[in-house]
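J.: Chain residues, written in single-letter form:
4 protein chains.
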Amino acid sequence: MASYLGKHIHVSIFGQSHSPAIGVTVDGLPAGEQVDLEQLQTFLNRRAPGRSLLSTSRKEDDRPEILSGLVDGVTCGAPLAALIRNTNTRSGDYDNLRDHPRPAHADYTAHVKYGGHQDVAGGGHFSGRLTAPLCVAGGICGQILERRGITIAAHIAAIGGVEDRPFNPMGELRTVLDSVKAAPFPVLEEQAGEKMRAAILAAKEAGDSVGGVVECMISGLPAGVGSPMAQGLESQLAAALFAIPAVKGVEFGEGFQAARMLGSEHNDPFRMENGRVVTESNHAGGILGGISNGMPILFRVAFKPTPSIAKVQQSVSLSRQQEEPLQIVGRHDPCIVPRAVPVVEAAAALVALDALLDRNTDSLSGGDYR
Amino acid sequence: MASYLGKHIHVSIFGQSHSPAIGVTVDGLPAGEQVDLEQLQTFLNRRAPGRSLLSTSRKEDDRPEILSGLVDGVTCGAPLAALIRNTNTRSGDYDNLRDHPRPAHADYTAHVKYGGHQDVAGGGHFSGRLTAPLCVAGGICGQILERRGITIAAHIAAIGGVEDRPFNPMGELRTVLDSVKAAPFPVLEEQAGEKMRAAILAAKEAGDSVGGVVECMISGLPAGVGSPMAQGLESQLAAALFAIPAVKGVEFGEGFQAARMLGSEHNDPFRMENGRVVTESNHAGGILGGISNGMPILFRVAFKPTPSIAKVQQSVSLSRQQEEPLQIVGRHDPCIVPRAVPVVEAAAALVALDALLDRNTDSLSGGDYR
Amino acid sequence: MASYLGKHIHVSIFGQSHSPAIGVTVDGLPAGEQVDLEQLQTFLNRRAPGRSLLSTSRKEDDRPEILSGLVDGVTCGAPLAALIRNTNTRSGDYDNLRDHPRPAHADYTAHVKYGGHQDVAGGGHFSGRLTAPLCVAGGICGQILERRGITIAAHIAAIGGVEDRPFNPMGELRTVLDSVKAAPFPVLEEQAGEKMRAAILAAKEAGDSVGGVVECMISGLPAGVGSPMAQGLESQLAAALFAIPAVKGVEFGEGFQAARMLGSEHNDPFRMENGRVVTESNHAGGILGGISNGMPILFRVAFKPTPSIAKVQQSVSLSRQQEEPLQIVGRHDPCIVPRAVPVVEAAAALVALDALLDRNTDSLSGGDYR
Amino acid sequence: MASYLGKHIHVSIFGQSHSPAIGVTVDGLPAGEQVDLEQLQTFLNRRAPGRSLLSTSRKEDDRPEILSGLVDGVTCGAPLAALIRNTNTRSGDYDNLRDHPRPAHADYTAHVKYGGHQDVAGGGHFSGRLTAPLCVAGGICGQILERRGITIAAHIAAIGGVEDRPFNPMGELRTVLDSVKAAPFPVLEEQAGEKMRAAILAAKEAGDSVGGVVECMISGLPAGVGSPMAQGLESQLAAALFAIPAVKGVEFGEGFQAARMLGSEHNDPFRMENGRVVTESNHAGGILGGISNGMPILFRVAFKPTPSIAKVQQSVSLSRQQEEPLQIVGRHDPCIVPRAVPVVEAAAALVALDALLDRNTDSLSGGDYR
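Residue numbers (this note's numbering), protein chains in the order written: chain A, 2 to 371; chain B, 2 to 371; chain C, 2 to 371; chain D, 2 to 371.
Each hint should be verified, as a subset may be incorrect.
Any copy, or any two copies together, can satisfy a pair, since identical chains are not distinguished.
[Stated by the list, open to error] Derived SDA-like pairs: lysine to any residue, alpha-carbon spacing no greater than 20 Å straight-line:
1. K312 with R272
2. K312 with I329
3. K196 with Q258
4. K312 with E281
5. K196 with Q35
6. K196 with S282
7. K196 with M262
8. K182 with A207
9. K312 with S265
FYI, nobody ran anything at the bench for these hints, they're computed from the structure.
Chain A on its own, in the form it takes in the complex (with noise of 0.2 Å):
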């Protein structure tokens, strides 16, 4: 079971590094809904390989060929179905790999849980390349919460020790928000940004990868959105979110740091403004009991380094049952976090429109329902 299942959004990613063609369908998306195919290419195109010294040099033509759901660039309640075709099929000759799993990726797990019938090309089903599919959902929904009034924006919290300085948690302006999602390198302080660039580069001429932290900011969404306990905000988008790979860590408002606080400094005491009730601070990062209480919804996601690296590495031969040497060959990114940021929110949307089409069911009393 590979899919995000929401209540209302089911999306089911299909796909291996090598087979014909890897794509997605996501079910549940409103009718009469506008997709803007030239927006949904830029998103994409924030993740895509290939566009600086930074990321692995393999070119990707992530150009998504929409199958069915919409009749006019307009959803129309069906399916919508998108296929992203692999031009590089089964090329290589990865019959090392299958004998010799690579470190700290999923080689070997899916070795024991599929009995050795599993893709090992590339990575097969767990290769990051499943995250394009991801973000033409994810993007596709991110649309239309945009048309509602709902931002969802992330940029690079860390690289390696480098840091960016993180959102206001009280909300960015609209145009900090614009131009981080239109950066090349998403960061909020240009010179983050180059010290962060130098240490990937250093990384990467080591034969070496290294880290990060993204962090993401949903802004607009209404208070009452959510659910209590398993179906609550924070469960459904840390389940959405340690679904990229590559993920190992997500921590909510003041996250792992809330660990180290009082109460008194943490709870966020209520006021009014202009007849809304807001928090005069926002540790709780917009989410209280599951449910978003209409401030912005902040999280931070870590990601481990890159696996794969040049530098040759210990593993084991699974037929002769020996520890033998492994190297890694081709070009690969030496740090995925810039190209992680639109994942990220891809992600997020998905999360958020799910629980935004919920909104309606939890009471009647207002609606017509005749």
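The hints should help you fit chains B, C and D onto chain A, whose structure is shown.
T.: Same frame as chain A, now just chains B, C and D:
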């Protein structure tokens, strides 16, 4: 939707802090499993309040009555239902809270979501008391896992700024796990425990509260358990953990620390040990691509400080639409972390059993399906 | 997995015929809905046994205790849980049945599925008694629907070969529906009812049993409710109806009769009525493409004869692996159809409310989502 | 939500009659299963149109392209995706249909549900053409079942009033099943087939259409497969079958006929046969309490006459809000029943494989879970 919905294990938790009862239905337990009710009670007592100066003095009798699902103490395949009576229901006056949402509680968000119909007494369905039926479900799943050599143990990793030594990611001795599970204040180093208790008492005396971190280890889970993407172990564990009230962060293995590491530091090299593939280190926390690799599963869970504090706080009057001070009366845990330790184990047990049950369906090649 | 899992309404039924209690958790009910417990009891009494010579003389007190989900009789958004105590538990000797599966019961199939661990007493989880909590859930959903002008009413369409007149597919007067719902033996034509009762008594005197058909109508459901394919109204209603013990057939509108018709006979022509699109006839039973068309929803449900009969039957001894005769003792309904009428209504109510709640999520174009 | 969502097998069908493509994603297939694409094509050809005078003359090339999920023709554990191009897309003028809903089609109900945004061309997502991807999914599941001795075969039981002989409920010879699956017009008695074809041609010549019944048998399913209540075999099969366009009734074993029988006639006595528990008769259609008893699973599916007929019908103009006549142009199947036979088999295969995969999780007592 308050339930934990695994693929096999469906947990439906019901009840409010002051409803006649709270309880749980667990559907999907395999038949033929002995349930040791005394051992279950021992597990539940680890969560129960009123055992020391460190927790609320409200005394609850968390003795579940099993309503169905067992025949002579053995699961029969039918859903297992259990209830715990609330002895002290709707006695207080909660009209004050209905109009004045408590900061950092779900009072306001539930008010918006349910159009003012939510149960405000004692936090209603959002009360920490609802973790008792979660522990009933998780405690039973834990027994089924234990019987198959899978042990789940957690400890207090930090309270305020005081830290316990972490679990050895390569595994802990059985005696260590047993002793921390039996300890009234579950830490690995008693000295750290003393300092933590002092921090809790200091917060209590100041009319304040303090947060902390729980670390949990699942030992003995075989390799190959889990699934890719949103059905992966990390996604499913995170969804269950963020369903616990006050959780604000979840990380696996090195977690946020991985964001500061190089690939060559973080990647766990494979080696052979007694004919079994293992890793030299366990920075991954036992999970690669959402699937277990046979090493201990390790994760850390951040809890915010208890929102209910004695100090006067600023709230709003929802009816008068203006700021008003709020004094929360009653006695509350100055730190919920010690009592949260078995709750984390319980949530982990649900997910681990669910994933384990799924293992036989990945490949039919070895099985006899006629 | 014993639950009915709609998209919004999750019903988890628990209990065995002789467990301490049976009951139900209903998650997803909208908040702010009054639940009239007296009216619910009236509904449950229609299912209760022991009311006449025609049903089993076992007297059960089917008085549910609401454990959670209500505040002052109004739904609060939290799951509603209810239990019914089994007063007469595990008193009998069922060892005979453990070894000798009753023909046409689930004894043997449960034995295989659960490896011999199933609860055999009184049929365990497969007992018709489990329809009582289903009626609790469905009765509450029915009240919510009724408040919005949606009425669900069923009657005995046939017992043995005796047939009642069918519902008028274009709709019935409110007084007719009310009167059939209030009748102790729910038929539209009293003469047919007399003959049916005679058929039941004849079967009873012969130590035998007899089957029948229930016809059900959902009036007032607006057009546009439902979904395509497996989430359609017919699929979802059928899944809920076949969950009722003894159901062997379900048909909508003309059903199997449609197979004998020409398109020109079967197609319902559209026409306008008071500015509303209606159909001239209702062969479709109010559903096209899985979605309601605004006409009454009509379906028929076939029940097999009660499997428990007094006559000696041939079974096998599972331990001795040989044929042995079986005499079922105790008193049983010679025909369960009269008591099944409200159960059919209850199952329909779950599905109808679930589909209705979903309606607001199809298109956001009209709604205010900020 | 258009998908079939079993516990293990998730099928997401996408496409509209005139979208660029239709297709399917199948998640949850066990790894290591050979997929014979030629055999799959043979299966699909049984559904394909244009093969005789009896069906629509529109010629489609239903040749699926497998996009993912296979490595060298063997399932790899990743979702299997397939698409079929629509060669003849959006060429026609459907504005007439947008305003004039066709009687007995989903035009009007989709219009209401999707607020006028539905795809009207060729019936959009509600077109019978969407059964092609269903057959891709079901055909693959059928191969996996067949390899384990489980055969699913269906035939035309009736068209108009003409009836084929029914399957022998105790089982059919392998040669009979093979021959009916290979027949261009799948009946058991060729004489009945001739009369049926005459009935179809008569309807066609009259500009009319005719309905029918498909009977299906699942042979070789072991006892103990299925679950109680709404997850039972009957509920799950019915949900999948009613997802097929034009299905209006489903019955198992004796079905509606059971309503006329006495318990002593209907109950199937148990007996031993070669150390195996079997029944003397099979009125139950192989299912008791939602669980298979090891006898053949038998069910019948009623199809309404094709709604598209050449005769002028009465419709309404949605824009002008008045009655207007409608003449449906184009060529349509005068009877879809012959082409529906493999579709019924496909739906049954999804459910049967899903239930079979679940079998290993009922009890862990026999398995090795370490």
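J.: Each hint: holds or not?
T.: Tested hints:
no., hint, verdict
1, K312 with R272, "between (55 Å within a copy, 17 Å between copies)"
2, K312 with I329, "within (8 Å within a copy, 59 Å between copies)"
3, K196 with Q258, "between (25 Å within a copy, 19 Å between copies)"
4, K312 with E281, "between (50 Å within a copy, 17 Å between copies)"
5, K196 with Q35, "neither (40 Å within a copy, 52 Å between copies)"
6, K196 with S282, "neither (30 Å within a copy, 30 Å between copies)"
7, K196 with M262, "between (31 Å within a copy, 16 Å between copies)"
8, K182 with A207, "neither (30 Å within a copy, 45 Å between copies)"
9, K312 with S265, "between (49 Å within a copy, 8 Å between copies)"
When held up to the earlier numbered hints, the structure conflicts with 5, 6, 8 and fits the remainder.
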